[in-house]
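The listed protein sequences correspond, in order, to chains A and B.
Oh and the first sequence: position 107 is 97 in our numbering, straight run, nothing missing.
Oh and the second sequence: position 105 is 95 in our numbering, straight run, nothing missing.
Each statement offered as a hint is correct.
Copies of the same chain look alike in the list, so a pair counts if it fits in one copy or across any two.
Calculated lysine-lysine pairs in the DSBU-like style (CA-CA distance at most 30 Å, straight line):
1. 5 with 174
2. 85 with 101
3. 109 with 0
4. 101 with 33
5. 121 with 71
6. 132 with 85
7. 85 with 71
8. -5 with 174
9. 101 with -5
10. 3 with 71
11. 174 with 101
Source of the hints: derived by calculation from the structure; they are not laboratory data.
As the structure is a computational prediction, the values presented were derived from the model and not from experiment.
2 protein chains.
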Amino acid sequence: MEILKERIRKEGKIKEGNVLKVDSFLNHQMDIELFSEIGKEFKRRFEGAEINKILTIEASGIGIACVAAQSFHVPVVFAKKTQTKNIAGDVHTTKVQSYTHGRIYDIIVAKEFLGEGDKVLLIDDFLANGKALEGLIDLVEKSGAELVGAGIVIEKGFQAGGDALRGRGIRLESLAIVESMDEKTGRIVFRGDAANK
Amino acid sequence: MEILKERIRKEGKIKEGNVLKVDSFLNHQMDIELFSEIGKEFKRRFEGAEINKILTIEASGIGIACVAAQSFHVPVVFAKKTQTKNIAGDVHTTKVQSYTHGRIYDIIVAKEFLGEGDKVLLIDDFLANGKALEGLIDLVEKSGAELVGAGIVIEKGFQAGGDALRGRGIRLESLAIVESMDEKTGRIVFRGDAANK
Chain A
-9 MEILKERIRK
1 EGKIKEGNVL
11 KVDSFLNHQM
21 DIELFSEIGK
31 EFKRRFEGAE
41 INKILTIEAS
51 GIGIACVAAQ
61 SFHVPVVFAK
71 KTQTKNIAGD
81 VHTTKVQSYT
91 HGRIYDIIVA
101 KEFLGEGDKV
111 LLIDDFLANG
121 KALEGLIDLV
131 EKSGAELVGA
141 GIVIEKGFQA
151 GGDALRGRGI
161 RLESLAIVES
171 MDEKTGRIVF
181 RGDAANK
Chain B
-9 MEILKERIRK
1 EGKIKEGNVL
11 KVDSFLNHQM
21 DIELFSEIGK
31 EFKRRFEGAE
41 INKILTIEAS
51 GIGIACVAAQ
61 SFHVPVVFAK
71 KTQTKNIAGD
81 VHTTKVQSYT
91 HGRIYDIIVA
101 KEFLGEGDKV
111 LLIDDFLANG
121 KALEGLIDLV
131 EKSGAELVGA
141 GIVIEKGFQA
151 GGDALRGRGI
161 RLESLAIVES
171 MDEKTGRIVF
181 RGDAANK
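Just chain A, with the same shape it has in the complex:
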């Protein structure tokens, strides 16, 4: 998605530890006009697929998912992160290891909002090691819902998450896949770029 890549090249900041900061338009300040284009692109890529629910995870996935949902005309459910010890029996739950914070947290979805008959598209802003997405997939599987695929705004192609999920047969549509980025020069190469061949 060219307008997205241009935006990442222009405003993305590469930080130590393979961090790509895009908080001017994606996950702190949010450019809603861009989100609308992103939603249309997800719709185009999943054209013809039967989808009746979008599932995302708090917090930064919610904005993208809600705007994208307008192209799909389906409700959005967001998985909640919780550190609560006692999880009630009326939720699906799984554990996710946070790469950034190094700790493990639970994510939950109420059973009444995810279950058999649901055809689910996952949406999130970032995919790196894939732990959050794996958690969402696990919730879908536990619920008996059908996983249609996942739409990701930015995938870090140099981390293992995306290719591992593709290897499992998950349909993964990432709108910009960063193949490499250089903290010193600020250069970002996307998968499929001519410069990358």
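Since the structure of chain A is provided, determine the placement of chain B on it from the hints.
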């Protein structure tokens, strides 16, 4: 806003401790068509006001704010909740006391995304004791931005937050104000209802 009140009457669940659960359409599963109508209603109420940014707080405010922003054609910024001790100098920060959890947490917004020249509309899903909204107002004041007002989906009119903020001269537009609710009968009375006079 009548369609919102009808939805609350139909799907809202009253729980012990003055809890109103509306997670089938507002803050866990999210009805995006309803969000779109809510966004248009905020736009109608703030018609003529100069607004160039919407500020909300994670997590459940983000969906409403992003969909509403499509009616205003402005970016959204969400304040992040953090328990991190060392806050860098490049953020505005304030403390918020959580009514539900009884603890105090920090909320932050990067200085580059909120400051002088910004004319800010606050948006959130719920207003009860008003602590989260007070925190957002404090961030706006610290940043030097101008506070235009606040749009709230559901206000609990029987808690002190809303009227206290109106008393401070804050322009507050709540789309449904719950005046009373009865856990035993399930009856919900809204401010302005004939039954309430």
